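Chemist: Below are the chains, spelled out letter by letter.
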Amino acid sequence: MAEVKGELQTQEFELNMGPQHPSTHGVYRARLTLDGEKVVKVENIIGYLHRGIEKLAEDRTYTQFIPYTDRLDYLSGMLNNLGYVQTVEKALGIEVPERAEYLRVIMAELSRMASHMVAIASFVLDVSGWTAWFPPFRERERILDLFEMTCGSRMTVSYMRIGGVAADIPPEFLPALKSLLDDLPQFIEQMHALISGNEIFIGRCKGVGKLDIETALAYGVTGPNLRASGLPFDLRKAQPYGCYDRFEFDIPVLTNGDSYDRYLIRLLEIEQSARIIRQAMESLPDGEIMAKVPRVIKLPPGDYYHQIEASKGILGFYLVSDGGTKPYRLHIHSPSFVNLGAIPKLTEGSLIQDFVVTFASIDIVLGDVDR
Amino acid sequence: MFGRGLIKGLRTTWHLGLGKAITEQYPERRPKLPPAFHGSLSLDPQKCNACGLCARACPNNVIIVDSERGEDKKRYLSAYTVKLGQCLFCGLCVESCPRGALHWLPDFELACYRFKDTEHVLYKRNPEGEVSKGA
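Residue numbers (this note's numbering), protein chains in the order written: chain A, 1 to 371; chain B, 1001 to 1135.
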């Protein structure tokens, strides 16, 4: 064996992670500067999924833009629909019928559950938990079936309309929804047995990628990631929109702000969403599903902003109208984009395998980041 | 005790492995799709009066409605083409039809080899004036 004389020279090097890396959840690319296995610097490189949705909005009427909102955060299409149509309704001052409001809440919460299930499943897969991929996807499949029977599509739903919803639920919807909610405790129990108590998972995730409240607020992190850091902030309670003020639910809060808590908070939120859906199901009123809306929608000149609590954080739509039939400008404040900004702060100084865990726990969707 | 969580997890895995298979073996078993499914578009040419509202409702200019004026100055449909390659399957066209001429079918297998095959002619009037339904 050759003997090394003198001091060994080491040197930092750059590693390109993504855009086709299996654990980057899409076409995200990180340029990592590494010192051995330690991450020294992280540079987010985004834009591989840029479709110019904000620009497309300027050439579409207000109704025609609804299908494009599905393609922002494609794991929770209903929530994007909701945010957009409520922005236009706020600008026009449209009263949405009771039944439509309740259907919107049911669909939005189902969408939130589906999104969290994907988040959990892909997170666990990133730490090599193969079995735990399947139970969330099995349950999500049933949610997508519910979407399919109502609005004809599974992910790109285009269900909400300005002034209501596109279609009423078919008669087989409510029994299927009820059986889904009845099976949910079993699913949660399975997830706890498979992941929450798993020593390997705990070892990989506890204390990894800690995010304290001050940093979270400074970076504008919202949604489950903020609540896992200990701040009980949820727009559904803080600034109720739609008919959320009529339902009883808790905001789950955890205090550690590490990757493990960011996993656990999503399971807790699934439970709360199920609670909201149960209440909405029991008090679902009869009646119209569409308000009287003019065929050609023109917004009075001005700018309008509305935000909702989407599955990944605050989703806001900023609309500028010049009085015509098309938006003059539409800006989308997407939660994934904002949350992604905290990744360099969270991961610099950690090991490269912790980067993967932290990144997975933040739960971003590239369609939402790049738009 | 260290390892209890692992054993519990393995037990759950074992149960999942022995449970009923839930995967649908697709080409052999056909999926049962709900009637509302957005599979492909279908047109009832008898009901259509070529008003073009569907073409105007479409966000992507997928639909081309060709119409002609008859001897009685009435407008009638001469051809109805859907460029499915650009279709978002949102259903705004179906909703916009005031006469219920356009609707969805659950036939979802639309894959084809050439790009020009994505253009579906739902209706074309023969030169003789006969009504026929294209492919």
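Rather than coming from a laboratory, the hints here were simulated on the basis of the structure.
Check before you lean on any hint, since a few could be wrong.
Taking lysine-lysine and the DSS-like style, the derived pairs with C-alpha atoms no more than 27 Å apart in a straight line are [claimed, not checked]: (1) A:Lys90 / A:Lys178; (2) A:Lys345 / A:Lys210; (3) A:Lys237 / A:Lys90; (4) A:Lys292 / B:Lys1124; (5) B:Lys1083 / B:Lys1124; (6) B:Lys1074 / A:Lys178; (7) B:Lys1083 / A:Lys206; (8) A:Lys345 / A:Lys326; (9) A:Lys55 / A:Lys206; (10) B:Lys1047 / B:Lys1074; (11) A:Lys178 / B:Lys1083; (12) A:Lys345 / A:Lys90; (13) A:Lys326 / B:Lys1083; (14) A:Lys55 / B:Lys1074; (15) A:Lys345 / A:Lys178.
Negatives, chain B to chain A, calculated, CB over 12 Å [unchecked claim]: (16) Lys1008; (17) Leu1033; (18) Ala1036; (19) Lys1083; (20) Gly1091; (21) Glu1095; (22) Cys1112.
Source: prediction; values computed, not measured.
All residues carry an ideal CB built from backbone N, CA and C; glycine is no exception.
Chemist: What are the numbers of the hints that this structure violates, sorted from low to high?
Modeler: Going through the list in order, the structure violates hints 1, 4, 6, 7, 8, 9, 11, 12, 14, 15, 16, 17, 18, 20, 21 and respects the others.
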